[in-house]
Amino acid sequence: MDVQRIIEKALESKIFVVFTVITIIITSSTFLMSPVEPQGPTLGRITVNDEIFNLSDYPSLERRVLGLWNSLREMYDVKDFSNASINDLSILPPILTQYFLAFTIYGMAQIVDSTPSYRSTYHTELFDKIILMMNSSEMEQFEWIDPGYSHEFYETFGNDFRGPTNIMWTGHYALMELLYYNTFRDAKYNSEIEWYLDDWNNTLTMTTTWDNRTSIDDQGRPLGMWGCGLIPCEPYIVFVQCNSIPFYAMRMYDGLHGTNYQEASLPGIDWWQENMMDPNGIQIDGYFNMKPDASEGDWRNDLPSTYPNPALTPGKADWPQVASYGSTWANMFYYAMGETELAINQHKNWKTQFVHYTTENMAYTPDSYHYPSNFDTKDLIGNLFGYFATKELNDVDLFQKIENWFYAPFPGSWDGDKYRFDTSALGDLGSFFDPILNFGYAWGHSDSTLTDLMDPKPDSFYSSAPYISSTDTTDGLFVYQAFYDTDKEAFIVTLEANEVTELTFENFPNVEGVYTKSGEFDSSSWVQNENQMILTLQPGTYSFVII
Amino acid sequence: MKDKVLSLLRVDSNEVLQWTIGGSLIGTLLYIALNSVVLPKFLLGGMLTIQIDLPIIIITSIAAFCGPLAGFTVGFFGSLSSDLLFSGQIIAFGGINIVFGLIGLVVGIPTYSRFTDGKNLAKFILLSLLAFMIAIILYLIVLIGIAAQSFEGTLLYNFLPFFSTSFISLILVAPSIVWIADHLIHYGKNLWKSRLEGS
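Sequence lines, in order, name chains A and B.
At position 335 of the first sequence (counting the first as 1) the number is 376 in my numbering, and the numbers step up by one without a gap.
At position 82 of the second sequence (counting the first as 1) the number is 462 in my numbering, and the numbers step up by one without a gap.
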């Protein structure tokens, strides 16, 4: 039977012809319709004076992450700082807004840390804007006054609402400011940071009478104003995850300034392990150290019958409340602050109790392991933080499975230099989910971690080492790598310019030459301007070692 | 009765037994190999996934030529060993693997003669449709009932992608593949025969 005969026979069978045509159409359409995505460059090697620079040894960002950053910039539309706090909350998720602002900064700090020698207004404006929004009266109204609390209410506790009754807001706000200092070594927020650190320290190290006992633990250490070594979010409930933020901030500040704020956190860390663990070894989501006032008691459904006591799982009175988002949030920050053994153990327990594997390459977590997932906001946040925690703890396999699950229904696409995932498949929930899903991917794919941020570079890296301080345009500019290697005294940069772009390098006198993979780069493209070096690039993709 | 069952499973004589065992082995290995190939896909409205699912085509193709036992083996062991190999995870206590096994079992039950005959090809398509409908129902039951997933999450993240890729692959693509495979097998058989006669 020769080929011609087979073809003749094939054409005789109408079913075969019809189905083969359909097969060819579908197969080719999957190849044709899958968008061809522009990719970042492959990092190779550059040899300068017999010294080999392997570019992949240096941190780098993916093209998508930079495209997502550009979308974030457009979303926040950074133009008028005098007006930064007004009306802007409407572009954010309508609920849990304060967390979105805070965690966006935590992700951004990791992104900038991936190209640490590129620090310009392209980065700082976005930080400033978000910090201003967190501190806006709209945020205050939204977060505290609307649920029924007033300044008068807080005054009955003898403090302002941004004082020691509200670690959720103060913890996030101070860490956002501290990450600004950590990332840019700009001290403009430092006095506020120190005020909050002292306030926490004072709250945690005082001794009071609490629950008819003196607030001292077994080892004689003070348990602070609230008798548990932790600070509440509302005046009457403490959370492990919310307190992980100030505890992380204390250690970061100590690392930067040689102080010892972290000691005040130690009794609290022991306390929650003894008092806030459910029978399966999962952190309890909320412990009431006093009875809520009437306005909050009305809508809560997790109240214990006596106080102090853990919050309860609604409908399952025997079980303390647990939440996947709370456990994963706490685990990533405890890991990053150096409590690695504790975090690894808790992460293991979380995986056992919460994680569902739905296909061979997908996994997700419900909000509480006492119920199936009902696919609401808390479920989504649980998966987002599960995604972050698996990245932080380097659980590569589960990270990929959660990503596969999380992003499967949302096609991403490029619009110029902006990348965005389309969440319209989620319907109304999409508007809540859109900014979260988009910045989440950028966090997940940044080339740094919260743990890395705890290991600050020396001040000299910011004050005297070369860095890219400005560019004449950011349109179509993708800076994949920007790292000054202080040991080799070499600036590593990989970038893509889609317009003629001028880059200004600060602290870069006496440049010897700009080198590419194929030798020295055109010397007319750069000039020395005293302490600055100015490089002008035609559109194209470049990798340089600048000595 | 016993003879009927044995003949239904294609284990009643040496020759068909060879086909069953050979088909199971080759199919399972092919399933695992093709499972590691990532084909392009695109999303329709963010939910329906347009993609060719090669492994699932192997299940029904093997079932068509080697019968229900081989079809079940490829579906069940192929997917189970892929899961273990590629992710170290068994989903819903193997429930999903049984669903894949049943696709092969259902399609393999009737005996087909040559697939060049439109009648046989139509029979194969009808049986694939039946297997597909059984599979999507069981798939939902396993994920919601055994894996305790929510209905909304299962629908968005599992069901719609599974529904669209397996419909395209089983009902539209597999028939052409089977037709081509039929020719290849007969061509091979004839070649073998003429060689034997020649020597």
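Hints were generated in silico from the structure; no laboratory data involved.
No experiment lies behind these values; they were computed from the predicted model shown.
Among the hints, erroneous ones may be present.
To be verified - Cut-off 30 Å, straight-line C-alpha distance, at most; resulting in silico cross-link-like pairs (DSSO-like, lysine-lysine):
1) A:50 - B:569
2) B:569 - A:55
3) A:459 - A:357
4) B:573 - B:499
5) B:384 - A:50
6) B:499 - A:55
7) B:421 - A:459
key: Given hint residue 459 of chain A paired with residue 421 of chain B - CA-CA distance at most 30 Å   = Given pair residue 421 of chain B, residue 459 of chain A holds - Cα atoms ~22 Å apart, limit 30 Å.
request  = Take a quick look at whether residue 50 of chain A and residue 569 of chain B sit within 30 Å of each other, Cα to Cα.
outcome  = 18 Å, holds
inquiry  = Does residue 55 of chain A sit within 30 Å of residue 499 of chain B, going by the straight-line distance between their CA atoms?
reply    = Distance of about 11 Å is within 30 Å: holds.
message = Tell me if the straight-line CA distance from residue 573 of chain B to residue 499 of chain B falls inside 30 Å.
response = 27 Å, holds
message = Run the distance test for residue 459 of chain A versus residue 357 of chain A: straight-line Cα separation, threshold 30 Å.
response = 46 Å, violated
message = Between the alpha carbons of residue 569 of chain B and residue 55 of chain A, is the straight-line distance 30 Å or under?
response = 25 Å, holds
ask   = Given the hint that residue 384 of chain B pairs with residue 50 of chain A, does the C-alpha gap stay at or below 30 Å?
value = 35 Å, violated
The structure shown violates the earlier hints numbered 3, 5.
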